[in-house]
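Asker: Residue numbers (the numbering used here), protein chains in the order written: chain Z, 1 to 180; chain A, 1 to 298; chain Y, 1 to 393.
No wet-lab data here; the hints were simulated from the structure.
Since we're looking at a predicted model, the values are computed, not measured.
Do not take every clue at face value.
As the list claims (entries may be wrong) - If you anchor each label on the Cβ, the simulated ranges turn out as follows:
| no. | chain 1 | residue 1 | chain 2 | residue 2 | range |
| --- | --- | --- | --- | --- | --- |
| 1 | Y | D198 | Z | N122 | 33 to 43 Å |
| 2 | Z | N31 | Y | D290 | 22 to 32 Å |
| 3 | Z | D97 | Y | H358 | 34 to 44 Å |
| 4 | A | N286 | Z | K101 | 40 to 50 Å |
To be verified - Mimicking SDA-like on lysine to any residue, the simulated pairs with C-alpha atoms at most 20 Å apart in a straight line are:
| no. | chain 1 | residue 1 | chain 2 | residue 2 |
| --- | --- | --- | --- | --- |
| 5 | Y | K259 | A | K50 |
| 6 | A | K50 | Y | K214 |
| 7 | Z | K159 | A | E293 |
| 8 | Z | K59 | Y | Q159 |
| 9 | A | K196 | Y | M1 |
| 10 | Y | K315 | Z | K159 |
| 11 | Y | K315 | Z | T66 |
| 12 | Y | K216 | A | D49 |
| 13 | Y | K315 | Z | S56 |
| 14 | Z | K59 | Y | R324 |
| 15 | Y | K261 | A | K13 |
| 16 | A | K13 | Y | L312 |
| 17 | A | K287 | Y | R11 |
| 18 | Z | K59 | Y | L312 |
| 19 | A | K298 | Y | R56 |
Unchecked claim - Derived, one-sided and incomplete: chain Z residues facing chain Y with beta-carbon distance under 8 Å:
| no. | residue |
| --- | --- |
| 20 | M30 |
| 21 | V35 |
| 22 | G61 |
| 23 | H112 |
| 24 | Q114 |
Ideal Cβ positions, reconstructed from N, Cα and C, are used throughout, including at glycine.
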Amino acid sequence: MKKEIRICGFGGQGVILAGFIIGKAASVFMNYNAVQSQSYGPEARGGAARSEVIISDEKIGYPRPTSVDLLVAMSQESFDTYRNDLRDDTVIVVDPDLVKKHEIGQPVYKIHAQRIAEELGNKIVTNIVMVGAATSIFKLLDPEAVRKAVLDSVPSRFKELNLKAFEKGLEAGKNALKGL
Amino acid sequence: MTEIKTAEELNKKYLREGMWPTIFCNGCGNGVVLEYTFWALEELGWDMDKVVFVSGIGCSSRLPGYINADGLHTTHGRALAFATGIKAANPDLNVIVFTGDGDCAGIGGNHFIHAARRNIDMTVIMINNFIYGMTGGQLAPTTPFGSIATTAPYGNIEHPFDICNLAKALGANYVARWTVTHPYQPIKSLKRALQKKGFSLVEFLAPCPTAYGRRNKLGDIKKLWKWYEDHTILLEDYERIMSYGSEEEKEAMKDMFPIGVFQDIDKPGFFEEYQKLVARLMGKNNKKTAETEAVIKK
Amino acid sequence: MRYKRDPKKIREVLGDKVQFVLGDMACVYGGILAGCSFFGGYPITPASEIAEGMARLLPRVGGTYIQMEDEIGSIAAVIGASWGGAKAMTATSGPGFSLMMENYGFAVMTETPCVIVNIQRTGPSTGQPTLGAQGDMMQARWGTHGDFEAIALAPSNVQECLDFTIEAFNLSEKYRNPVCVMADGEIGHLRERITIPDEKDLKIINRVEATIDKEKFIPFGVSQTRKSKVPDFPVFGTGYHTYVTGLTHNEKGFPATDKQKDHEKLVKRITSKISDDIDKIVKVEETHLDDADIAFVTYGASARPAETAMELARKKGVKVGMLRLKIVWPFPEKVIYKLGKKVDKIIVPEMNLGQIVHPVKEAVSGNCEVVSAPKIGGEMHLPHELLPYLGVK
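With the rest of the complex left out, here is chain Z (with noise of 0.2 Å):
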């Protein structure tokens, strides 16, 4: 088994904490291998912004995707972007209110993350939100692992909000699954 997840937004949305919180459930909370990369430089100040993953049960040699098997996308200009090398059955997640246009001909898991952190009194949690959505829509990581990664990741006076984000991702990840 390998994974390649990729997590794009625009800076300052928590791109890189969300493969960090990912790359932790697996490696350290699942035993799978794991490395997580991110695009550094002008691109990571503002612009479109990239984290991603790859998870493995055996040994990862090349550490950077060839072969996307998750997207997930929180602004336009990271989607537009990062979605040149997907394949028919990449799996798509997307925030239709940062990603107007997402009709690309293959299906793509609407997940209003930003909407669900702003009832939650702070949007600063959308990449939470999108990290229990995948969790769910992928199945590939245990949710119990990604919640521990997820506390043990976020600053301790926002664990409360934070594990609300995942909670809510999670169930909204299971109503897309239900409503594709």
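Starting from the known structure of chain Z, arrange chains A and Y on it as the hints suggest.
Answerer: Leaving out everything else, chains A and Y in the frame of chain Z:
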């Protein structure tokens, strides 16, 4: 401990055996600075096992070789950075830097600026001979305007560096300038500089008959040394003239070097502040790993 | 007072035994585990996370972090700290590594243990600051002037960033030579799982400090207490009154700038203390070499796509193996020579225009074909870009 009274006794105690004769020319001021430093150390009664001398490259940077103590003779201009590391590794050590004007104000200028700004606990003794002496008389950042150097054969058109005023502006705890032709005050001043926590600078104007005096026709050694007496004025007098003097008096100050104590304050030194930081953190338990903290903060 | 390594405190500060961390941060962990108590650095992409990690952790274990004014000052402070009795390191990337070269030689000449981590990025000059490369491999070997031996390690994964930083300290303390960890922007900015080794599994070497009678002590000759060309280390402040200079010096440490014999004796000792021990220092990893017709010789990040390409080619029946240099300098000549006799072809993928391929060719001595597989521009090879070198489409 028997009381040391003569220079001979002093030298016997502080000089490293087997390193003589020195590389210094006749009439050079470096040896005097070394003697002054020995007297200051003797008056302080410091344990020489806990004193480390650091230097860069140049005539004055050879001084640590002649001292019976630990010495680090480093690369050109970098002595203060090396010294910073020594002090960090063992704050119990007293770190003294010997450096020249080219070493300190030229190639090492940036290290000087930042060691002074950080208020690193060390004493820098900068011997200023207005020239690159060891390499044969090339232009230094301290060479007076109009002076001749091998690389300024038609006279220096650059303006020299005033390292004491720079150090003062940077907030160094102790800043003083003397000449090697003056006895007593420099020793007292060195003693104070050594005792200070934080950054201290003592600049010595010192003749270099071979590479500077001769080329600039300042006469024989005796005349050259006299030149320093004639061209220095106590800082207080200098400031008084510059504030209240007539235009002629002020004009006459153009070629004069003010000497004395430029600054004497007691800001906590870098390592004092660092110890406070360590103490502040020691009690705290970090719940997150450094990696997670770093990701969150970004 | 000098720093005393406190294993309990270190583990408390580093936290969980198993973590998901950045290559750069793993270098920080490795340094602290090794007992590093001084870090002097200057921010530079893609190595800044090492300085940031040290700034965060060193004061918590009682060590000292100072952000110096530049990389020249950084390595100078590191060398100073080492003479003050600390285990000290710095971290940088190409432009800073270039600035460090003079004092790198000073550390060689004065036999100062210290560690330099270079998270390589593309050059020349400012190049591509955020992107990885392996363009400084020869600089680590030859970058400072004069004759010297280099020791350099090249991690291929994040765990190795941790392990090799410890190993770098060990080699540096043992041989009293600066040691480079030649990582790169790819590995430095990758996150992977690491396991922090237990204290009982940690091998930590500390320099042999001078203990013998001060009158009899010879600071820059062969050891007076062991059979070794590495002299015992007279830590400043312990009463040895050692004079340490970058000038050619005799055994007492006194300048001997006009003496041919003294220079020859000194430089031969400080080079041979390492070259004599090559077989002990060399560390390689062999994969599928038993039946291989073609072999990759790799190091650092380049080993990652090479490994994938090897597995892909093997599935297609091509017998490919891999020799990975964990320690690049001193160069494992004998190992490569043997490999050259065994295989038909050696391919050397590198993120430069061909550097390590040269000593490989020299070591192979014409016994097999040696092919350079260069890639520059800030990206590691894609596995399929390496397949044509193996005759696989």
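Asker: Please go over all the hints and tell whether each is borne out by the structure.
Answerer: To see whether the hints hold, each was checked on the structure:
1. Y:D198 - Z:N122: 33 to 43 Å: holds, 41 Å
2. Z:N31 - Y:D290: 22 to 32 Å: holds, 30 Å
3. Z:D97 - Y:H358: 34 to 44 Å: Since the Cβ atoms of D97 (chain Z) and H358 (chain Y) sit about 56 Å apart, the hinted range of 34 to 44 Å is violated.
4. A:N286 - Z:K101: 40 to 50 Å: Holds: the Cβ-Cβ distance is about 44 Å, inside 40 to 50 Å.
5. Y:K259 - A:K50: Answer violated: K259 (chain Y) to K50 (chain A) is near 32 Å, above 20 Å.
6. A:K50 - Y:K214: holds, 15 Å
7. Z:K159 - A:E293: holds, 14 Å
8. Z:K59 - Y:Q159: With a Cα-Cα distance of about 13 Å, the restraint between K59 (chain Z) and Q159 (chain Y) holds, given a limit of 20 Å.
9. A:K196 - Y:M1: holds, 19 Å
10. Y:K315 - Z:K159: It is violated: about 47 Å lies between the C-alpha atoms, which goes past 20 Å.
11. Y:K315 - Z:T66: Given pair K315 (chain Y), T66 (chain Z) holds - Cα atoms ~18 Å apart, limit 20 Å.
12. Y:K216 - A:D49: With Cα atoms ~17 Å apart, K216 (chain Y) and D49 (chain A) stay inside 20 Å; holds.
13. Y:K315 - Z:S56: holds, 18 Å
14. Z:K59 - Y:R324: holds, 16 Å
15. Y:K261 - A:K13: Cα-Cα ~32 Å, so violated.
16. A:K13 - Y:L312: violated, 74 Å
17. A:K287 - Y:R11: holds, 13 Å
18. Z:K59 - Y:L312: Distance ~14 Å between K59 (chain Z) and L312 (chain Y) Cα, so the pair holds.
19. A:K298 - Y:R56: With Cα atoms ~14 Å apart, K298 (chain A) and R56 (chain Y) stay inside 20 Å; holds.
20. M30: Because about 11 Å separates M30 (chain Z) from the closest Cβ in chain Y, which is outside the 8 Å limit, the hint is violated.
21. V35: holds, 5 Å
22. G61: This hint holds: G61 (chain Z) lies near chain Y, its Cβ roughly 3 Å from the closest one there, short of 8 Å.
23. H112: Violated, because the Cβ-Cβ distance from H112 (chain Z) to chain Y comes to roughly 29 Å (cut-off 8 Å).
24. Q114: Not OK, violated: Q114 (chain Z) not within 8 Å of chain Y, min 26 Å.
Hint check: violations occur at hints 3, 5, 10, 15, 16, 20, 23, 24; the rest are consistent with the structure.
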